[in-house]
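Student: Each chain, letter by letter, is given below.
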Amino acid sequence: MPDPLPSSLPWLVRRDDDTQDEQRKTTAARARAMDAHVLRTAYFDLVGRPPFQEERDAWLGKGVEELLDHLLGSEEFWQEWWEEQLYYFLLIDTFRPETDSAQAVPQKLGEGRLSVRDALHRIALTSSFDLRNPGADTFVTVVMEQLCGMIVQKSARELELGKAAYDGGQARFLGTGANSQADVVRICIEHKQAMQHLVEREFERLIKRPIPKATLSEDGRRLFRDPYDYLSMVRSWFLSESYLDRLLNPVEKSNRLFIRGMFVDLCGRMPEEAEMEPMRYALDGLSDARPLRSVLVRLLLDSDDVELRDKASIDNPTKWVGEQFERLLGRRPTDEELKTFVTVFHAADCRPETIVYALTTTPEYHAY
Amino acid sequence: MSYQDPSRRDVLRTAALTGAGLGLAGSGLAGSGLAGGGLALPGTERKTKRVVFIAFAGGVRTKETFGTPANVPNMVDMSKEGVLFPRMRTANLGHFGAALSIFTGISEARGIRENSRGPDPTVFEYLRKDLGLAASDVWITTSGGAQQTNYAYGLHPEYGPKYGATTLDGDGIFNREFKDLLTRYGLPEPMEGGEKSMLDKLRKGIRTMGGGDPVKEAENLARIEEYILSELTRGTSDISGAGAGDAKALRLARNLLSIFKPKVTGVVLQNADIAHGSFNGYQEVIRRNDAAIGELWTAVKEDEELAESTAFFILPEFGRDRDLNARRGLDHGDGSDDLRWVSCLAVGPDFKKGVVNKDAHQVIDVMPTICDLFGAEAKLSKGGRLSGLYR
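For the protein sequence lines, the chains are A and B, in the order given.
Position 207 of the first sequence, counted from 1, bears residue number 207 in the numbering used here, the numbering being contiguous throughout.
Position 315 of the second sequence, counted from 1, bears residue number 315 in the numbering used here, the numbering being contiguous throughout.
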């Protein structure tokens, strides 16, 4: 689960005097005809980035359902799914699987040639996974914990059986005969708790809140029966009441999403891997990444990679400031904000970069 | 000095000085907090103003540290200036859970690869909250990447991020790839006064809820931002090879001590876990880390202010298996004494010198001891205080 937001953030969508019901009605209406906030949030949730300018132009005012038709199951969606799974297993940096077969997984998911269960199975069989989790104790513990959501301290006997099988001995692990490392992985991935655990963590990842018990029970069984049913299950989540709640309650961006969003917002492009990985690795090294995020924003703004309009060419600062709020924060400025920003804009020491820097280093920009 | 064979004089002196503490050891109360051997006498003022708290983690057996003095000559020298506790009980909770328990004083199972914060407050939060310390007073440098930033603070509603330690992951930030990237883009120029003033006006003009001064907050962050940028030019990024992550974490701690003189500097090492595949590599990591700890200790001793006021606590989160695995490495999961019992070294101006305290304690006793040292209370911790520590 992402960390709880600082108390300064939840007002983002809430209207001050609205009751919870009114907020939900308003948000539901906005989901039927997406405004900048809903569109930006849905893009982040589905493909891990904000929309590009042309996508904003194409999708503003349209409904979430249509957007789901467009993005769910796309190659970009599966690529994002794959990256998030690798991060979940902490297969990052030097442990990232780089083989052709591993890199082909998102495409095969998109083509329906692999299910999500197959994809997780492939991850756990990579040499990267083995290197990341060396030794019987670590390997079997991680497989039980991360694939099945088990607490090994409460399943000490199963852990010992799994370790025996890992070392080549005959053992009855989780009720099934096993005598190899591959058997341990297969038994866990085919265990009913594996899909239940996947449903639970995927709901939290996408909808940003704990899954309701009934949904967990039903969707866990559903995915266990048919692991190819993942997309229709996710679609139902995005059209549920839970997603309306999610839209009302922004959460903090992970460092990975922050970097992707920063590049799209400032450079109009996605970061290259050679940019993404060192930046994410560096930001992940801080419990409070804001100082370094701020350095990165300045780095880009001072580079030739960001093309903001010359101050002299901005003939309508009120309109331009409003556009920056909507583009970067997904909302219109309040009257007071607009007045302040336009006044400062006219000062000789203020550059367009100053405005963008202020907006992209506000706590609001760190959430979505 | 060897942990296995403390001199008779050491033992007698320990017994004489700790008195009740030794007596309680057999009763099972030592380390329960009831032993009370660590409490200062009324009216005495402690000299300790700073603590360096090193989790010599990654799974390190005493056999390869104080059991093989040639591996750790610096820590052996330090032990002559402090107290060695060779009987510290641990729980095999995986690296993450076990190391986290050192900082929370609560042994609680956490997933090995779980990348989320724990529910309990850490030593950093207790100290920042109880003593009103600033973020720049409490740091933690780490070696193990994203997961280790979770040691900075937990999710307890009375504590949490606003009392967390400022965390730097040595290998995460100070690596060649990131430095090259910054060089390619060009480090940001300092903002001119006029533009800075405009920025402050803009920040004040953006609506926020929940109070707080956005400009002041930005200034606090800018100070840390400045430190990170300057550290990037100091050569930490150029450290490479086996154990580089640990070396960077210790190097950062040394630099932080000289610049900020923090009240608490936590360090979490991790590279010893190379032992799964290489016993020799594991020993090499221990030797390198001992050398770096020696440099850190020397730097403290050479600084008059730090020398008189800084205490060190060094301990692993757990040990390793008794026997080598098929790859001639050492795993951690056999439940042996080598895994479950580790050593803790405590050196500081208020502590005894040259003592081996063989009372049974727990690794979770260390953080309540540190809180007590500063006059704070680790009220949710399940650990006690180390008996037989104080002069």
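Honestly, I wouldn't trust all of these hints.
[Unchecked claim] For lysine-lysine, the following DSBU-like pairs were computed, each having C-alpha atoms within a straight-line distance of at most 30 angstroms:
hint, chain 1, residue 1, chain 2, residue 2
1, B, Lys80, A, Lys311
2, B, Lys63, B, Lys379
3, B, Lys49, B, Lys301
4, A, Lys339, B, Lys382
5, B, Lys261, B, Lys353
6, A, Lys62, A, Lys319
7, B, Lys196, B, Lys162
8, A, Lys339, B, Lys201
9, B, Lys47, B, Lys261
10, B, Lys216, B, Lys201
11, A, Lys154, B, Lys379
12, B, Lys353, B, Lys49
13, A, Lys319, B, Lys47
14, B, Lys129, B, Lys358
15, B, Lys162, B, Lys358
16, A, Lys154, B, Lys47
17, B, Lys162, B, Lys352
18, B, Lys80, B, Lys63
19, A, Lys339, B, Lys49
20, B, Lys201, B, Lys49
21, B, Lys261, B, Lys196
22, B, Lys379, A, Lys311
23, A, Lys213, A, Lys192
24, B, Lys49, A, Lys311
25, B, Lys216, A, Lys311
26, B, Lys196, A, Lys319
27, B, Lys216, A, Lys339
28, A, Lys319, B, Lys382
29, B, Lys382, B, Lys352
30, B, Lys129, B, Lys80
31, B, Lys352, B, Lys47
If you are wondering where the hints come from, they were derived from the structure by calculation, not from laboratory data.
Student: A separate judgement is required for each hint: does it hold in the structure or not?
Tutor: Hint check results:
{"no.": "1", "hint": "B:Lys80 to A:Lys311", "result": "violated, 67 angstroms"}
{"no.": "2", "hint": "B:Lys63 to B:Lys379", "result": "violated, 34 angstroms"}
{"no.": "3", "hint": "B:Lys49 to B:Lys301", "result": "holds, 14 angstroms"}
{"no.": "4", "hint": "A:Lys339 to B:Lys382", "result": "violated, 55 angstroms"}
{"no.": "5", "hint": "B:Lys261 to B:Lys353", "result": "holds, 24 angstroms"}
{"no.": "6", "hint": "A:Lys62 to A:Lys319", "result": "holds, 23 angstroms"}
{"no.": "7", "hint": "B:Lys196 to B:Lys162", "result": "holds, 26 angstroms"}
{"no.": "8", "hint": "A:Lys339 to B:Lys201", "result": "holds, 12 angstroms"}
{"no.": "9", "hint": "B:Lys47 to B:Lys261", "result": "holds, 15 angstroms"}
{"no.": "10", "hint": "B:Lys216 to B:Lys201", "result": "holds, 12 angstroms"}
{"no.": "11", "hint": "A:Lys154 to B:Lys379", "result": "holds, 27 angstroms"}
{"no.": "12", "hint": "B:Lys353 to B:Lys49", "result": "holds, 18 angstroms"}
{"no.": "13", "hint": "A:Lys319 to B:Lys47", "result": "violated, 62 angstroms"}
{"no.": "14", "hint": "B:Lys129 to B:Lys358", "result": "violated, 33 angstroms"}
{"no.": "15", "hint": "B:Lys162 to B:Lys358", "result": "violated, 38 angstroms"}
{"no.": "16", "hint": "A:Lys154 to B:Lys47", "result": "violated, 45 angstroms"}
{"no.": "17", "hint": "B:Lys162 to B:Lys352", "result": "violated, 35 angstroms"}
{"no.": "18", "hint": "B:Lys80 to B:Lys63", "result": "holds, 18 angstroms"}
{"no.": "19", "hint": "A:Lys339 to B:Lys49", "result": "violated, 49 angstroms"}
{"no.": "20", "hint": "B:Lys201 to B:Lys49", "result": "violated, 39 angstroms"}
{"no.": "21", "hint": "B:Lys261 to B:Lys196", "result": "holds, 28 angstroms"}
{"no.": "22", "hint": "B:Lys379 to A:Lys311", "result": "violated, 57 angstroms"}
{"no.": "23", "hint": "A:Lys213 to A:Lys192", "result": "holds, 16 angstroms"}
{"no.": "24", "hint": "B:Lys49 to A:Lys311", "result": "violated, 53 angstroms"}
{"no.": "25", "hint": "B:Lys216 to A:Lys311", "result": "holds, 28 angstroms"}
{"no.": "26", "hint": "B:Lys196 to A:Lys319", "result": "holds, 24 angstroms"}
{"no.": "27", "hint": "B:Lys216 to A:Lys339", "result": "holds, 22 angstroms"}
{"no.": "28", "hint": "A:Lys319 to B:Lys382", "result": "violated, 59 angstroms"}
{"no.": "29", "hint": "B:Lys382 to B:Lys352", "result": "holds, 25 angstroms"}
{"no.": "30", "hint": "B:Lys129 to B:Lys80", "result": "violated, 34 angstroms"}
{"no.": "31", "hint": "B:Lys352 to B:Lys47", "result": "holds, 13 angstroms"}
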